[in-house]
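Novice: All chains, please: the whole structure from these sequences, using the hints.
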Amino acid sequence: MSLTLALSKGRLLAGAQALFRRAGLPFPQDEGRRLVVTLDGVRFLFVKDADVPTYVEYGTADCGIAGRDVLLESGSDVYEPLDLGFGQCRMVVAGLSGGSRRESIPALGPQGLTPLSGCAPEPPSAADYRRSSTVRVASKYPRVAAAHFRARGLSAEVVRLAGSVELAPALGLADCIVDVVETGRTLSENGLRVLEEVAACSARLVVNPASFHARRADLAGLIEQLRQARA
Amino acid sequence: MNGTAHTLIQMPAGVQCFVGEEARVRRAVEEQVVSVFEGWDFQEIIPPLFDYADVFASADLTPRTYSFVGRDGSLLALRPDFTSLLAKIAAGRLAGSPLPLRLYYSGEVLRYEPPRAGRRSELYQMGLEHLGGEPRAADCEVLAVAAECLERLGVNGWVLALGHVGVFNGILAGAPLEEAQWLALRDRVESKDEEGVAEAARAARLSPTVSAALVGLTGLTGDPRVLDKAEDALRGFAPALAAVSELRSVVAALDEAGLRGRLAVDLGEVRGLDYYTGLVFRAYAPGLGSEVGGGGRYDALLARFGRPLPAVGFMLGLDRLALLLERQGVFAPAVPPAPEPVGGAALGSDLARARGLREKGRRVRFGAGPETAR
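So the sequences go chain by chain: D and G.
When you line the first sequence up against the working numbering, it's residues 1 to 231, in that order.
When you line the second sequence up against the working numbering, it's residues 1 to 374, in that order.
Quick caveat, the hints were computed from the structure, so don't treat them as lab data.
Quantities reported herein were computed from a predicted structural model and do not represent experimental measurements.
Note that the Cβ used here is the ideal one computed from N, Cα and C, for glycine as well.
Any given hint could turn out to be false.
To be verified - Distance windows between CB atoms, simulated: (1) G/A252 - D/R22: 35 to 45 Å; (2) G/L177 - D/G75: 19 to 29 Å; (3) D/S155 - G/E21: 49 to 59 Å; (4) G/R64 - D/S164: 32 to 42 Å; (5) D/S155 - G/R24: 25 to 35 Å; (6) G/E179 - D/G85: 25 to 35 Å; (7) D/K9 - G/G367: 57 to 67 Å; (8) G/Q16 - D/G85: 38 to 48 Å; (9) D/S155 - G/G306: 42 to 52 Å; (10) D/R34 - G/R27: 19 to 29 Å; (11) G/G92 - D/G75: 37 to 47 Å; (12) D/R34 - G/R304: 54 to 64 Å; (13) G/L8 - D/T186: 16 to 26 Å; (14) G/A252 - D/S155: 51 to 61 Å.
Specialist: The structure is reproduced here in structure tokens:
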């Protein structure tokens, strides 16, 4: 029985491909629209990035590559034996640069769009959150966002969005957002600045616990090859 | 997702219903497993479906327990596990009975669980508890029984992964930790996330030696030979070394008993730390993403009920086992013979004929005419 590996075609694909090449492992090229590709006895599944932990948790895939952001959100019961080093980004809380209360921004005006001088995080301004009894947070990561505020003793109302989360504060949909940032450019273009870092993220190798033990002979080699090839 | 709006034929989340062949497979699996338990001279306990809620009090299960108030105002709970009930029975009704006590059970437990990856609200568990025996011998016996269950069912490629809670606890003995820090460390060790363990150790200001030992746990897994590596890696942590040597003696005995190749060691196995006190193990097989069962030593539980006894037990989940066997395509219970149709116009004499066939043990289908769909 061949090993099955779940990958996403998103942000982490190029890094995964480079890693496999360095490790001398096969990796599908120009696979087009095919979602399942078998190469040298390894079956590659191409799925949505947020679904990688699910395929691995259920054992449909023996292992996979997923961002730590996605893993934090999924809370899946999987092993994470390797930090693969690529796909680095930060999961942060970000709010409007002119103060995080939406009332202070009557409309999407020039003020709200002024790019910031970088987005170097100032000391976490938890005081900003505390001004309101309930913080309203927009996020693609509702579990992470809720847990983050709960752990600080704040009540938060999490607005689940599927994308363009950066718009929410300026439009008055939320006080702040929880999202991943790579360069911070999208944040500053939308008049946002980092208020707090939630977690540092990068690509992880995730492994199904049953496969890890019951298919040790097949998996141990792969894990070791990737360990040596990682950046 | 309105909690009350439903049609009468709708199933509530988390429950299941088995029909015909599915039910037959489950009964056959149960019969096999129970016959192994009986074969090792364990005696069955059929405990009550509900009991006082405080019998089940454990940090892990309380939030998942269905509890309700009895007519007399007492707080009751549907059993979320069997072990507490058996411990209570061992300390109560079976108080004074000769030791060791070998008890088994087979039945449903109820837990409030969000359905995902094989987790349901209604779980069928088959398990046993070995109470008051010499610990090493009892650990080995229980593992051998677990192994035989998997062998008998014809499961392919199964592995018992053994760990010991004394390794993780032994490394952290004496380290001043807040609960949140301890939980973060345990969570990262559980995920075998080296960098995550190192980060959590930094956050908890653990010494470099302690931190390095914890990081090392993420890799101390695999062939039982990792126990040699563990002895080197854990030098200086006497309680952890004692745990490793306990594991070593268990592995040696099982090796000699013919289970070499079926054993794995996983010193990063740290689930259930608030409950287990020694050996912990899980059974895995290819085809099912999660474990089919597991168990361990819990020497502190019986004292709660006033009869302090060392104890070790394990259970197999029938739901997971049935799914695994179906996926592996290995377990085929005997198909019952086709029924003999008995029926016609003469109701009384037909019934008499059917009764006659039944007396000879034959399978009958009573009634005239073909089946109809309505």
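Novice: Work down the list of hints and note, for each, if the structure agrees.
Specialist: We went through each hint and held it up to the structure:
| no. | hint | verdict |
| --- | --- | --- |
| 1 | G/A252 - D/R22: 35 to 45 Å | holds, 41 Å |
| 2 | G/L177 - D/G75: 19 to 29 Å | holds, 23 Å |
| 3 | D/S155 - G/E21: 49 to 59 Å | holds, 51 Å |
| 4 | G/R64 - D/S164: 32 to 42 Å | holds, 37 Å |
| 5 | D/S155 - G/R24: 25 to 35 Å | violated, 52 Å |
| 6 | G/E179 - D/G85: 25 to 35 Å | holds, 32 Å |
| 7 | D/K9 - G/G367: 57 to 67 Å | holds, 59 Å |
| 8 | G/Q16 - D/G85: 38 to 48 Å | holds, 43 Å |
| 9 | D/S155 - G/G306: 42 to 52 Å | holds, 43 Å |
| 10 | D/R34 - G/R27: 19 to 29 Å | violated, 43 Å |
| 11 | G/G92 - D/G75: 37 to 47 Å | holds, 39 Å |
| 12 | D/R34 - G/R304: 54 to 64 Å | holds, 57 Å |
| 13 | G/L8 - D/T186: 16 to 26 Å | violated, 51 Å |
| 14 | G/A252 - D/S155: 51 to 61 Å | holds, 55 Å |
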